[in-house]
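Chemist: Each chain is listed here by its residues.
Number of protein chains: 4
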Amino acid sequence: MSEHPILRYVSAGAWALIEPLFSDRAKDLLIKLIDFMESDILPSEALFHSQISPDPKKRWESVPAVLGSLQKRAKELGLWNLWLSGGDFQGMAGGEGGGLSNLEYAVMAEIMGHSAILAPQATNCSAPDTGNMEVLARYGTQAQKDKYLTPLLNGEIRSSFSMTEYGVASSDATNLGNTTATLDPAKNSLSLSGHKWWITGAGDPRNIVHIVLAVTDPKNPSPHKRHSLVLVDPRAQGVKIIRPLTVFGYDDAPEGHCEVVYDNVKVDVDSGVVGGKAGLGRGFEIIQARLGPGRLHHCMRTIGIASRALDILLQRVSDPNRKTFGKYLKEHGTVVADIAHSRAEIDQARLLVLAAARRIDTEGAKGAMQDIGITKFTVPTMALKVVDRAMQVHGAEGVSADTPLPYFYASLRTLRYADGPDEVHIQQIGKKELKRVEDLKARTDKIRRDSERLLQANGLTRAKL
Amino acid sequence: MSEHPILRYVSAGAWALIEPLFSDRAKDLLIKLIDFMESDILPSEALFHSQISPDPKKRWESVPAVLGSLQKRAKELGLWNLWLSGGDFQGMAGGEGGGLSNLEYAVMAEIMGHSAILAPQATNCSAPDTGNMEVLARYGTQAQKDKYLTPLLNGEIRSSFSMTEYGVASSDATNLGNTTATLDPAKNSLSLSGHKWWITGAGDPRNIVHIVLAVTDPKNPSPHKRHSLVLVDPRAQGVKIIRPLTVFGYDDAPEGHCEVVYDNVKVDVDSGVVGGKAGLGRGFEIIQARLGPGRLHHCMRTIGIASRALDILLQRVSDPNRKTFGKYLKEHGTVVADIAHSRAEIDQARLLVLAAARRIDTEGAKGAMQDIGITKFTVPTMALKVVDRAMQVHGAEGVSADTPLPYFYASLRTLRYADGPDEVHIQQIGKKELKRVEDLKARTDKIRRDSERLLQANGLTRAKL
Amino acid sequence: MSEHPILRYVSAGAWALIEPLFSDRAKDLLIKLIDFMESDILPSEALFHSQISPDPKKRWESVPAVLGSLQKRAKELGLWNLWLSGGDFQGMAGGEGGGLSNLEYAVMAEIMGHSAILAPQATNCSAPDTGNMEVLARYGTQAQKDKYLTPLLNGEIRSSFSMTEYGVASSDATNLGNTTATLDPAKNSLSLSGHKWWITGAGDPRNIVHIVLAVTDPKNPSPHKRHSLVLVDPRAQGVKIIRPLTVFGYDDAPEGHCEVVYDNVKVDVDSGVVGGKAGLGRGFEIIQARLGPGRLHHCMRTIGIASRALDILLQRVSDPNRKTFGKYLKEHGTVVADIAHSRAEIDQARLLVLAAARRIDTEGAKGAMQDIGITKFTVPTMALKVVDRAMQVHGAEGVSADTPLPYFYASLRTLRYADGPDEVHIQQIGKKELKRVEDLKARTDKIRRDSERLLQANGLTRAKL
Amino acid sequence: MSEHPILRYVSAGAWALIEPLFSDRAKDLLIKLIDFMESDILPSEALFHSQISPDPKKRWESVPAVLGSLQKRAKELGLWNLWLSGGDFQGMAGGEGGGLSNLEYAVMAEIMGHSAILAPQATNCSAPDTGNMEVLARYGTQAQKDKYLTPLLNGEIRSSFSMTEYGVASSDATNLGNTTATLDPAKNSLSLSGHKWWITGAGDPRNIVHIVLAVTDPKNPSPHKRHSLVLVDPRAQGVKIIRPLTVFGYDDAPEGHCEVVYDNVKVDVDSGVVGGKAGLGRGFEIIQARLGPGRLHHCMRTIGIASRALDILLQRVSDPNRKTFGKYLKEHGTVVADIAHSRAEIDQARLLVLAAARRIDTEGAKGAMQDIGITKFTVPTMALKVVDRAMQVHGAEGVSADTPLPYFYASLRTLRYADGPDEVHIQQIGKKELKRVEDLKARTDKIRRDSERLLQANGLTRAKL
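Protein chains in written order, with this note's numbering: chain L, 1 to 465; chain U, 1 to 465; chain D, 1 to 465; chain Z, 1 to 465.
Calculated from the structure, these hints are not laboratory results.
Take the hints with a grain of salt, since some may be wrong.
Remember, identical chains collapse to one label, so a pair may be satisfied in a single copy or spanning two.
To be verified - Below, in silico cross-link-like pairs of lysine-lysine (DSBU-like), each with a Cα-Cα straight-line distance of 35 Å or less: (1) Lys-240 x Lys-431; (2) Lys-58 x Lys-323; (3) Lys-32 x Lys-432; (4) Lys-58 x Lys-432; (5) Lys-431 x Lys-277; (6) Lys-240 x Lys-327; (7) Lys-366 x Lys-327; (8) Lys-435 x Lys-446; (9) Lys-277 x Lys-145; (10) Lys-240 x Lys-441; (11) Lys-323 x Lys-441; (12) Lys-446 x Lys-225; (13) Lys-323 x Lys-385; (14) Lys-32 x Lys-187; (15) Lys-366 x Lys-57; (16) Lys-323 x Lys-431; (17) Lys-441 x Lys-147; (18) Lys-441 x Lys-75; (19) Lys-327 x Lys-187; (20) Lys-57 x Lys-327; (21) Lys-446 x Lys-187; (22) Lys-57 x Lys-277; (23) Lys-432 x Lys-323; (24) Lys-435 x Lys-219; (25) Lys-323 x Lys-277.
None of the values given here were measured: they were computed from a predicted structure.
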């Protein structure tokens, strides 16, 4: 009798713990997804990369053709938009894929993480589109939904979220003040100017909208009510894509992470502010709501990336061509220890992610902020360690493009900043934990009083050793 | 509305994940246990320690009186023998407390870990008695059960497991050859001689039996069939308790971890070999079965010890008397970071333990060996880190007997050897993981072939970057 | 041709670096010291410990007899008071041993660290006496020198430094306000009251003086001018030794680290304030001067402790009786890696200590504060790691009194608080380093301007990748 | 009075230790070098990079013009070929720069590491040319010296060392068997065929010679006598540069690390085998001699790279534009702690390098193998940690090309494989250390016997605690 395919990916202990919480539909989708990954996605990776031109210009102008056929297949299999966990998309064209719990999706996303670039795109589960769809579904006007949300749900267009500012310490979002959208009440329009960077997807030829965080009410006494989200057509007058930024030398074409200047871009208030006129001043409120599950999605996929790195490591150290000094690499005790530690670290981190996902299911994203925060600063660091060990057993090949490992490393390294650097999350979690002290102290004080009473009743003093 | 008391001990994410797997009885017992800990056990700790004499002789001669009343209370509350998870004890006097799943007990054991010396004794859940009871229940004769198991289940006596040999590298159990029990067929008796050490509980005045691993069939071709388990009365002729060994500077009176010499101790085969005559040669088989859940019990309690250390840390850094340079300790960023890391590490480790416990529930102890092995080398090291941080924020007080922290540290440090050193488990887990390679390679090879086919079909070669 | 004996203790690279800085006398003393260690000190360790009574009372009442003969031998060999590096003691009876550079003494102290309890006592190089002698030599009146310094230099008496206060966060010395010495101008005397703890050596029967930090001028506007150092006879009316504190269960008899209450102890100003009347208000000034080299002495010896732990480890893993699964422990790759890392870590840390010692020689203790601070937070943590590895390869024996390792661990652990916790030194060194920024920025700005000029001159713009 | 400029780069403690070992000439050169770095090299970095074309073809075809003028300047200043420490080059044209001790050069190389790409090239101190020059000077024929060594010493040409084989675990050099040079005795020529990769510099238009390790005597019973070093013109018939490999996403144009196929390349024995006919079979002997100092040179520069990363970090965290939540980054305790740890780690690692360099000076490269091995596995890992911290404080900018940090990271990461992976060196050092056991055991046994005698003489037994 053959083992359940999920056990090729997820530790048996974790599966034993969560299996009772999986619906039959989710179990069915999971098996389909695994088969799709193994039969379609992973075999298509090489073609996907080969279809991106090495030419510095052309690589930004087209999209690998294989992606289209994979997307078609994913739709047929019902593996489309699996990330849609809430009720916001019900009844919406393209919203059929949803309805999984966050816990169920967590496992799917981990599996997709084994092909972290291609699988999310092929199934329409990739950032920043997922977060942008959430924003539009919850806060967009009907016209905005028709124009952007429907084609995003169908995977026909792509989008950017334009927040981080050049030269500004953007991890404190209240610092984001240099991009302004000045209202011309006569025309009911805004004039948007600003200098952003790290705008993921802004290089993509399919991109038709940037959701730009901009100050529309600079004098509002509350720093959290000054901003709005503005929808900008990247082909509009005044939008300049300065350059794709590189990450450890990688440009991530054709999506890219771009430096973008908005120079007096004209935007109509009703159609161009998320939520229309009523959305003015709600930028902060909306981005706060956007971040929670998105952070966790990254962590879910990261478990998959780390697992794939370990799979690659395992095969390398078992390769008879890689014997040194008469021994397989896997015969070295330090290699075996690295494997065991990687196994333990991945298993632990996965469980953290699953618990956080489950918490969103029972308490909502806000109620799960602590669990999400812990995964946020734990999971990428763990994965970097595993990938680094995998690189090391490859010798020089491990830093070259002949393995996906250095690219994994570079991508994961960005997660230690993206959506807030580790340090911010660490301080928040630590401070949250300190809030337990009052209750702890009350209990400890009572215990101490009770213990003194018992000592006295027995005619003893506390032992001083 | 007040929060569920379990959330004072277990992270909300973990609880959300496991709560659906808890029976109503287990939920009820959990609430009772928490109340028992806070109202009885923790307030009695000081008295318990004060009732152990500082005198080097007397401290081995009596048992703190408070223990008796706590045991009585635990029985009344139904918090007795909660560790009995299997069916081996059903219908047996004293076996009523059982029936929890390993997952349910894992949470109970963690809670007890907040008072890791006293709570397990007060509820009859402490090593080595639990493992010894398992041995007797599964392999003992009826007479042996009557004589030893019943009073053990009732908490009336204590016992030792006498395995590790002086001067022998005992982590490889096949090395254990210096303790022999030579058969005198005429008298149907054994003459036992050997030099053991680290025999926990051998100093205890309540102890009436050592279960001794000894070679009874030295010429058996299988090194795993040479040993038997022999029941020895510590007051018998020829038994010498040489000394209690210290762990760092602690002697763990009155239980102790003793060096013991058995010098021609006479034992009747029928009554004195576990399982009687039929038990001869089955020593290895029995000790293998004994180890799995026991290892996990240590890990469960260890999560509780680490949690208590963090609770102590949190209170110390919030103490206004401990300000330095005008700041609370908790206002230092590095302290906050230590708290966050401790929180994250405890939460991860707990989830590992829970997954392993769940695995025992679904697959049995043997099926869960990998999960247990991972917790075995992960959890104590994690807890040592947390305890060390807690010591550090106390300054010199942190290494003194004015906090329980150095004792926690010393106890936890032994877990990195007990039941096999970390290194052995690490190598086993790593090698187990390497067994996945064959299957991995088959899938990877297929993926690579498919990908070559796709490249060819598209007239492309694999991008060489 | 045999190797220089120093190479048994110090890495050849380090010795190559410092050998040209050693005087002939120092080289000669070094060889004598090594021989004294190997022929006398190390063989006497067991006797020394066996001469301390296990009886809880008697162990505080006498001093191991072997110490006396070792001290006599050390004096004969000229290995007495080697720590006296400055000129303060020249011409003083007992001051003959000095005159080594701090660099030279650093190596001697490391060698002594191989027997960290016995060797410093046998050679009169142990804390807190060394620091106390410095205080008396620099700041004491002639009468104080005659009474205390001369017998200290001769090893006839012992002393304590009484600073840390019970219940006070003493790592911020300005918090030390609860011990007061109120002046009675009529009698020219002080009445000293306070509650101190961690007073090393206060349990020792040879101790005849506590140097107590006490507030004598509570209203002085400068918090650094309120304290004086007061000389107190431990047998005086009002001095109560409450208890020896334990460190991980160890009491360090007969020296001890004691809790001491001073209750209206009368002290004459002229004879009892360090420096007499002129010393009033100079407590802080004096303790600052006292700390620098003392911190480094601990680090020097710590290198020796770590080295001995590694020596013990090396022998254990080569012991044929400790084979497991058919292999020597030294045949396991992870053990070999632990050895290599230990070697590298000890070698690095030693070099840090040597550089700091050399810096004191060239710049004085104040000029070397940064180098000393770095060693202070680096060396004990390093040594703890090495000792922990050594414990681990011993299995359970490694935490027992059958090896010195757990005692090493406990002692070293205190160094992470003693003379200021690691955290304080880390923050100081980090802030000191930040002072380089102004100069760095000036240079970087100039380089940037020059580079812009070069780009312009070549008609190029800075490459934006 | 201004501080010595070296103290801007090297810790005062280290300088105090080594300054007495510096000649006046070395001190003078050091000051000149620092000025050259600050006035010329560092300001030219941007121009250098801007002069490399972004075009995928052209970037391999020319060399930045600024390099020529920097080289000219370096020659004028006497800062040319400083690495020439031995006597091999005396009296040779271009060999004038040499004569520094390895210790003196270590400091120079660290300073150059602050501009690790440009400074070594500008001063003709860069790998692989330095090692190749050593090979030619020691083993080349006069004709080979004239043709290759003289222009290399003058910086007129560049060279490659072609050793690592494609698909072969090359860290065990005896595996290198796939590149063969078959002798045609009739023509006294070789026919070289093989597939190499990671051939640094093979992309460079200035390169006129590859020194290729090839099997010339496959049947020699000693696996260390089968190889020879063959000089190959990269423009010869049969040499194919397949591609530059990337390191992370960097191609290191115009030098590159190339995959190279040699397909029946004809080479004359007398002119084309290093050492001519007499050099046949000496390949292994020569490469062994080549590796020692080269490994250390990498470590020396690595200290400089880490130092520059720390300098960049310090400036970033002090930048008022980078405040978050109202605080400078440098006001966060964790940032300060990272700085302190970086300072301590760099200082320790530098001292290791200096001790190893000194050891080469006193014992030769062979005698210093242990010291070199320790630096080899210690220094790059240390530097990666420092660079990673520097990246982290930059947020996303830290992984982009707007700082040199990710490039530093990628380059340093290769050092954990280059010239043997860390693991090989770690095992070697650990095993070397284990060779001390015999001597240790003899001494320990003697000490134990002496101690037993002392115990007996005093009528005591060893205390059993």
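Chemist: Would you mind marking each hint as holding or not holding in the structure?
Modeler: Here's how the hints hold up against the structure:
no., hint, in the structure
1, Lys-240 x Lys-431, "neither (41 Å within a copy, 42 Å between copies)"
2, Lys-58 x Lys-323, "neither (42 Å within a copy, 39 Å between copies)"
3, Lys-32 x Lys-432, "between (40 Å within a copy, 28 Å between copies)"
4, Lys-58 x Lys-432, "neither (49 Å within a copy, 47 Å between copies)"
5, Lys-431 x Lys-277, "neither (37 Å within a copy, 50 Å between copies)"
6, Lys-240 x Lys-327, "between (57 Å within a copy, 33 Å between copies)"
7, Lys-366 x Lys-327, "between (52 Å within a copy, 27 Å between copies)"
8, Lys-435 x Lys-446, "within (19 Å within a copy, 48 Å between copies)"
9, Lys-277 x Lys-145, "within (15 Å within a copy, 80 Å between copies)"
10, Lys-240 x Lys-441, "between (57 Å within a copy, 32 Å between copies)"
11, Lys-323 x Lys-441, "between (59 Å within a copy, 17 Å between copies)"
12, Lys-446 x Lys-225, "neither (45 Å within a copy, 42 Å between copies)"
13, Lys-323 x Lys-385, "both (24 Å within a copy, 30 Å between copies)"
14, Lys-32 x Lys-187, "neither (52 Å within a copy, 66 Å between copies)"
15, Lys-366 x Lys-57, "neither (43 Å within a copy, 52 Å between copies)"
16, Lys-323 x Lys-431, "between (50 Å within a copy, 17 Å between copies)"
17, Lys-441 x Lys-147, "neither (56 Å within a copy, 46 Å between copies)"
18, Lys-441 x Lys-75, "between (55 Å within a copy, 29 Å between copies)"
19, Lys-327 x Lys-187, "neither (76 Å within a copy, 41 Å between copies)"
20, Lys-57 x Lys-327, "neither (47 Å within a copy, 42 Å between copies)"
21, Lys-446 x Lys-187, "neither (67 Å within a copy, 49 Å between copies)"
22, Lys-57 x Lys-277, "neither (39 Å within a copy, 52 Å between copies)"
23, Lys-432 x Lys-323, "between (50 Å within a copy, 20 Å between copies)"
24, Lys-435 x Lys-219, "within (34 Å within a copy, 38 Å between copies)"
25, Lys-323 x Lys-277, "between (67 Å within a copy, 33 Å between copies)"
Of the hints listed earlier, those the structure fails to meet are numbers 1, 2, 4, 5, 12, 14, 15, 17, 19, 20, 21, 22, in rising order.
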